[in-house]
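**Student:** The lines below spell out each chain.
Number of protein chains: 2
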Amino acid sequence: MRSKQLVYKVDNLSIDNNDLMVNETVFHNANGYIGIRSNFEEGYPEGYDTIRGSYINGFYDIAEMKQAEKLYGLVEDKQTMLNIADTQSIFLKINGIRFNMFEGTVLSSERWLDMEQGITGRSIVWRAPNGNEVEIVIKRMTSFYQLSLFTIEYAVKALNFSGTLEFESLHIGEVSNYSNSNDPRIARDSARYLMAGRAFLEEEASYLVSHTVRSGLSVCTGVKHLLSKPGSLKTKIEGHSAKAAIQTSIEEKETVTLTKYTVFSDSLRKKDYSLRKKDYSLRKKDYSLRKKDYSLRKKDYSLREKDDSLREKDCLKGAMEEMEKALKLSLPTLYHYQKEYLKEYWDRCFLEIEGDDDLTAAVNYNMYQLIQSVGKDEYCNIAAKGLSGEGYEGHYFWDTEMYIQPFFNLTEPEITKNLISFRYRTLEKARENARILGHKKGALYPWRTIMGTECSGYYPSGSAGYHINGDIAHAVTAYYLSTKDIEFIAEKGAEILFETARLWMDVGNYYRGSFRINCVTGPDEYTCMVNNNYYTNVCAQHNLNWAVKFYHLLKEEKKLSPVVEKIHLAEEEIKEFDQAAKCMYLPYDEKLKINPQDDSFLQKKVWDLEHTPKEEFPLLLHYHPLHLYRYQVCKQADTVLAHFIFEDAQSLETIRNSFDYYEKITTHDSSLSTCIFSIVASKLGLTEKAYEYFGDSAKLDLFNTHKNTKDGIHTANMGGNYMAIVYGFAGLRIKEDGIHFAPSIPKQWREYRFKINYEDSQLFVEINSMGSKFSLLKGSPKKVFIRGKRYELKDTLVV
Amino acid sequence: MRSKQLVYKVDNLSIDNNDLMVNETVFHNANGYIGIRSNFEEGYPEGYDTIRGSYINGFYDIAEMKQAEKLYGLVEDKQTMLNIADTQSIFLKINGIRFNMFEGTVLSSERWLDMEQGITGRSIVWRAPNGNEVEIVIKRMTSFYQLSLFTIEYAVKALNFSGTLEFESLHIGEVSNYSNSNDPRIARDSARYLMAGRAFLEEEASYLVSHTVRSGLSVCTGVKHLLSKPGSLKTKIEGHSAKAAIQTSIEEKETVTLTKYTVFSDSLRKKDYSLRKKDYSLRKKDYSLRKKDYSLRKKDYSLREKDDSLREKDCLKGAMEEMEKALKLSLPTLYHYQKEYLKEYWDRCFLEIEGDDDLTAAVNYNMYQLIQSVGKDEYCNIAAKGLSGEGYEGHYFWDTEMYIQPFFNLTEPEITKNLISFRYRTLEKARENARILGHKKGALYPWRTIMGTECSGYYPSGSAGYHINGDIAHAVTAYYLSTKDIEFIAEKGAEILFETARLWMDVGNYYRGSFRINCVTGPDEYTCMVNNNYYTNVCAQHNLNWAVKFYHLLKEEKKLSPVVEKIHLAEEEIKEFDQAAKCMYLPYDEKLKINPQDDSFLQKKVWDLEHTPKEEFPLLLHYHPLHLYRYQVCKQADTVLAHFIFEDAQSLETIRNSFDYYEKITTHDSSLSTCIFSIVASKLGLTEKAYEYFGDSAKLDLFNTHKNTKDGIHTANMGGNYMAIVYGFAGLRIKEDGIHFAPSIPKQWREYRFKINYEDSQLFVEINSMGSKFSLLKGSPKKVFIRGKRYELKDTLVV
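As given, the protein sequences belong to chains U and D, one line each in that order. Taking my numbering, I'd label the letters of the first sequence as residues 41 to 839. Taking my numbering, I'd label the letters of the second sequence as residues 41 to 839.
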């Protein structure tokens, strides 16, 4: 039915190095736990650049990040997502001739991502230099049914010959992370993080255990091969790698298939929690020993070895169990479960644009990447690049809360709950972070992190982005408004809001009657360390207000005591929150009738974007930060974002003026920008402009418009792209008084329709140029506001 | 006559490690070209920390300074002053027993600095474990007569025995720089910079040539020994070191003296300039080769070798010539020349406080350190720590212009000329620096440097300190006002002023009628990246005004064309300078009637200094910069400095209010602060307060009040300390209309007197509580303003 828009296909594969690297990202497989880039199994010619990576969400080591000058509190260690192992490599020889796409003749080739099946594929018809012709079809899957499992199904059909078929399939434990010393957006230093642990063979399956150097984690990968017909299979361990040599014969027109199973098992998630705690205390001791005395290092090392061996056992056992589990089912059965999982997913997040199959396909692609990328447990979150590459080193940012959670709130609130649980799990680290930054109370979430500590090396556009606190508080509130799940607020959400609210009280101060927040950085990274960033202040106000609201709500529900007692929250503090929210200073310029981005933004020179040569974008790669900060120029939506998220804080006229003003000085050098401009343009009735911004956002990765898709997809933009339709064109807002719509439709579309969850119900929305139709698919009747007018949705509503 | 105040002496030497390290600094020898820390010749016990360094002013290598996140334009290489060689080590054995102060019995000991003789000394009476008693007197000198020369005169007197005397004297070429990874004020990484070049023996003199790794410089040290009586002397080379074994006999009551000469010769200053240029072009080529292709490195290496060998020859020759020169004169003759040089110096900078010998001694100590530290040629300047230690890595800051040049303007204007010439010589690098920071025109001097490029790793309190441009411009103007040397302005000074003025035009912008300067850092490093820092703006205004004045002055004198043609300066630009200066925005708070430090300073929370525990100072070692920036708290004089330097910009009432306001929130964590507070307190008639601040400033290094004297002296404070008397108590100002005084005297003093140069004249000023006496020692009669009233000084004037 919708399969056309659920397949993304490329014919006549380019073998240009840059295209290959982009496609490694675009066709990667992931399931929220593991991610594998789509490298050619047989590799590229020598000298080609490649990022040949396999990743586990939340699995990290600690890397040194020295500051040029050491100042108190500057971060000098960061977590970094690790390349775990290479289990992609498979070399094929037909009649002794090695297949690769850079020699012989490629008669036809294609690559696809089937988002309905949850499988990527590559098929090639190839003529070897000796004239033998083969059809090769390779399918890959990271299973949503069994998160630890990655499969490669490698089918070879002899088109015009008979003879021998040899596979050499590798399982490489000695891998490094990718680096580029010139791009601030990816890691600077190439590094081998994993140390070799045990290598083990059982029933021709290879298992390699590796240990991190500093984070005290272990991982085991297991690889097993199945051949569709009899043949010989010999596996041997060499160093910290395993090599399987597989041989069989092939007849003309016959198809022979090799299936390669990889399973992952990591100590971060190992079942025996008590063991891990012991591990941890060992390591802490180990660390203090190390600090104390260098000569004790050896002793420390022996502790580590003991520690490693405990984890080794555990991971190895885990991997073997996972392998056993995977092999119990046939590959077709696994494919079937994959499709079932996705069928439900596509149903829940159903979205269709009639009249624009390409855009529907792009939007589907984006939604698919979100489910591929998002963590499925509380040990992880969703990285800026998902699990598709090493850009931003697997770090989690505010992107999660402001760009991605809105999508899951509407389609799979359980995932939002997970994401918030991750923040709750790391709240203690946020408290520690607040202390490092000098705050006596409250919690300050890190700008970028994997396990909860700050990993930002350049604090002016990192740790100074205090708005992340308000963003997380906002996400908790948004989850509550979508679900009314007061239990979860009592259990986790309220504590987050109280602690973030406390922080604002410590950061801000009263001056001439109003509450002000100095020396922070708003969303726009081209203007740093300013006073009263409008977005930050309005975000803090919301945070403070909702801390007060949750306090009273929980009190009414008699669920307040546990959290209040836990964090010693005084009633007096709630009054202070309320007072500060009421007195919050929101800068407004009387002359321009806009909200200035911050106190001094409008005093600065306006950047001459019109006369800036194209090759100077993104500006951050061509101008010193100090220079950028001195101009009115925005990397991304900042005040405009505030006008979307906190729209009720200003009149429509002010929002319109602001939009016009900031639009002229925004470069959209950040991928977090065009989607927001699209939404606010929709709000202002500028549907055609909204459509343009939406198109820019939709195409970002598939067309590599930011020229860095090779480093990974842009997950925030993907969520934002969805929002540009549902919050943008359809004008959805979920507020305290109920659910709102303000439908519009670009003239290029005939109709668009989508399903969303809201509280206990599921709604179906159909919008075309004649009107809108709202249907209650399940759940109880709902109040619905259409352009501010209240309706009752019982069954169907046509407006 | 004044010898008491010209000797600083310590009895009963402490052998506490920390005291030893402080004394390495306090008793160091330097002459502006070389500096040698005062380590014990025989060393300390194992495990003792020490900074055993010898330095050459301006001689550097380039060290990597990686940024935690790479952003465009951030500095990733810095110059660092090198530890050149160890020629201090001399081990003495009497009758086979090795002398050291940590074994046997020290019967008496003292250490002194004789500032009249220009010599430091240590004398010890020591009883060996076997009962042998010796008196050891060691004198050290870095010659002002022959800048390349360092001498150690090591005299041993047998008090109660006869026997053998053995010296082992080392010349070590393999040395490292000191490091401390926890203190932002000194280098983080210990490093060997110098590579061993040729080692050479001639007539028992050893010569060691070393090459820098990246800066393309070479240095040769030569060491030669003379014994006061016959004995054996054998020198041998081991690796890149030389060891001299000297043996003789000693009779009871006899004194035997070993004299050790060290000479330094470096390629930075080598005579054959054409050779150096060739060298340089070789290196440039070499560098581009290296960038292009790694495989070419070998070739590149051979180029370097050729390059190194050219410099090697040259340096070795230089060192041998210097040694020959040194040996032509006897040591007493060298001592005599040293004293003669200092006699003239002390005469020119004569300053005496009657009634306070200790403070006179401290002030003399400070003045002595200034002549020890200041560069004597245009290849160097005066480092923040002089040549006394490795703090701030030998870098030159704005300290030179604002704290040290005022002293030399009044006492030895030729040195000021040298210091300005250094800035002129590096003007091209300042232009390059401006481009890196995004400015299309003008020059921006680096915040810290050795050879002219920016070495600041943390730009918010480094490169963002744009006021350094105005400071340098002010120093040029101050030199002109002191000397009326219009030739020098035509030759060098005006070009500096025009280029710095151009930069302000590019940095600033008009907003609502006034000219504003956004996103810079003023002198106070606890508040960074602000808009309209009062000091910066008033400094820029002065810079622009004087660019206009010099333009017209040179035009009148018909000296304008060369510079105007060289830098393509248009008359239109001069009008723009004038206009911007007239419209310069100088923030003023109507309510407090003070100049706010910057646009938003007064909105911030006031730091509670009263309740900050003592151990939390300096705050920079205990608080994250972002936290500091969010408070009203000053590391040092900022607006108060402006009120001294640019006093005519505000009314006395405003200055008084500002002083009161900022005094309460200033920690004086910077050594640049108390002297300025002293001067402004004097101006405001707060003589007792001024006296207190003056005392704090005077004692800084001798009493190690900042707890980091081990890393070197604080030269800026030393200049500032002088200013606190002459500009502070005596109220000296040199303005366009003439020379001004506003005498005051602390009640602790009976009288103070000093000599200064002004234009073609020398003045002698005597001030006591009854009145002041001004005498014209030489030169033409002068207009003198005493507390604003004009007098004619022909011979003597009593007011």
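Quick caveat, the hints were computed from the structure, so don't treat them as lab data. Treat the hints with care, as some may be off.
The list makes no distinction among identical chains, and a pair is therefore deemed to hold if it is satisfied within one copy or across any two copies.
As the list claims (entries may be wrong) - Below, in silico cross-link-like pairs of lysine-lysine (DSBU-like), each with a Cα-Cα straight-line distance of 35 angstroms or less:
id	residue 1	residue 2
1	K106	K747
2	K532	K276
3	K469	K823
4	K480	K110
5	K133	K822
6	K645	K481
7	K747	K379
8	K469	K110
9	K645	K110
10	K49	K106
11	K365	K457
12	K704	K110
13	K197	K645
14	K416	K633
15	K274	K357
16	K532	K357
17	K383	K357
18	K645	K480
19	K595	K645
20	K704	K480
21	K747	K481
22	K481	K383
**Student:** The structure should be examined with respect to each hint, and the outcome stated for every one.
**Tutor:** Verification of the supplied hints:
1. Taking CA atoms no more than 35 angstroms apart as the test, K106 paired with K747 passes in both settings, with 28 angstroms inside one copy and 26 angstroms between copies.
2. Within a single copy, K532 and K276 get their C-alpha atoms no closer than 50 angstroms, and across copies no closer than 76 angstroms, so neither meets the 35 angstroms cut-off.
3. In this homomeric assembly, K469 and K823 never come within 35 angstroms of each other (Cα to Cα): the closest approach is 40 angstroms inside a single copy and 69 angstroms across copies.
4. Taking the closest pair of Cα atoms, K480 and K110 come within 35 angstroms of each other both inside a single copy (23 angstroms) and across two copies (31 angstroms).
5. Taking the shortest Cα distances, K133 and K822 never come within 35 angstroms of each other, neither inside one copy (63 angstroms) nor across copies (100 angstroms).
6. Taking the shortest alpha-carbon separations for K645 and K481, only the inter-copy value of 16 angstroms comes in at or below 35 angstroms, while the best intra-copy value is 38 angstroms.
7. In the homo-oligomer, the alpha carbons of K747 and K379 lie at most 35 angstroms apart inside one protomer (32 angstroms), although the nearest pairing across protomers, at 70 angstroms, exceeds that limit.
8. For a Cα distance limit of 35 angstroms, the shortest separation of K469 from K110 qualifies both inside one copy, at 22 angstroms, and across copies, at 26 angstroms.
9. For the identical chains of this complex, K645 and K110 are neighbours both inside a copy (32 angstroms) and across copies (26 angstroms), given an alpha-carbon limit of 35 angstroms.
10. With identical chains, the CA atoms of K49 and K106 are never at most 35 angstroms apart, being 44 angstroms at best within one copy and 43 angstroms at best between copies.
11. Taking the closest pair of Cα atoms, K365 and K457 come within 35 angstroms of each other only inside a single copy of the chain (28 angstroms); across copies the shortest separation is 83 angstroms, beyond that limit.
12. In this homomeric assembly, K704 and K110 come within 35 angstroms of each other (Cα to Cα) only across copies, at 28 angstroms, whereas the closest approach inside a single copy is 39 angstroms.
13. Taking the closest pair of Cα atoms, K197 and K645 never come within 35 angstroms of each other, the shortest separation being 66 angstroms inside a single copy and 75 angstroms across copies.
14. Taking the shortest alpha-carbon separations for K416 and K633, neither the intra-copy value of 45 angstroms nor the inter-copy value of 60 angstroms comes in at or below 35 angstroms.
15. Taking the closest pair of Cα atoms, K274 and K357 come within 35 angstroms of each other only inside a single copy of the chain (23 angstroms); across copies the shortest separation is 71 angstroms, beyond that limit.
16. Taking CA atoms no more than 35 angstroms apart as the test, K532 paired with K357 passes inside one copy only; the shortest distance there is 33 angstroms, against 77 angstroms between copies.
17. Taking identical chains as interchangeable, the C-alpha atoms of K383 and K357 lie at most 35 angstroms apart only when both belong to the same chain, with a minimum of 33 angstroms there against 85 angstroms between chains.
18. For the homomeric pair K645 and K480, the shortest alpha-carbon distance between copies (15 angstroms) is at most 35 angstroms, but the shortest distance inside one copy (37 angstroms) is not.
19. In this assembly of identical chains, the alpha carbons of K595 and K645 lie at most 35 angstroms apart only when taken from different copies (34 angstroms versus 50 angstroms within one copy).
20. In this assembly of identical chains, K704 and K480 lie within 35 angstroms of each other by CA distance solely across copies; the values are 23 angstroms between and 41 angstroms within a copy.
21. In this assembly of identical chains, K747 and K481 lie within 35 angstroms of each other by CA distance solely across copies; the values are 32 angstroms between and 42 angstroms within a copy.
22. In this homomeric assembly, K481 and K383 never come within 35 angstroms of each other (Cα to Cα): the closest approach is 47 angstroms inside a single copy and 62 angstroms across copies.
Against the hints set out earlier in the document, violations occur for numbers 2, 3, 5, 10, 13, 14, 22.
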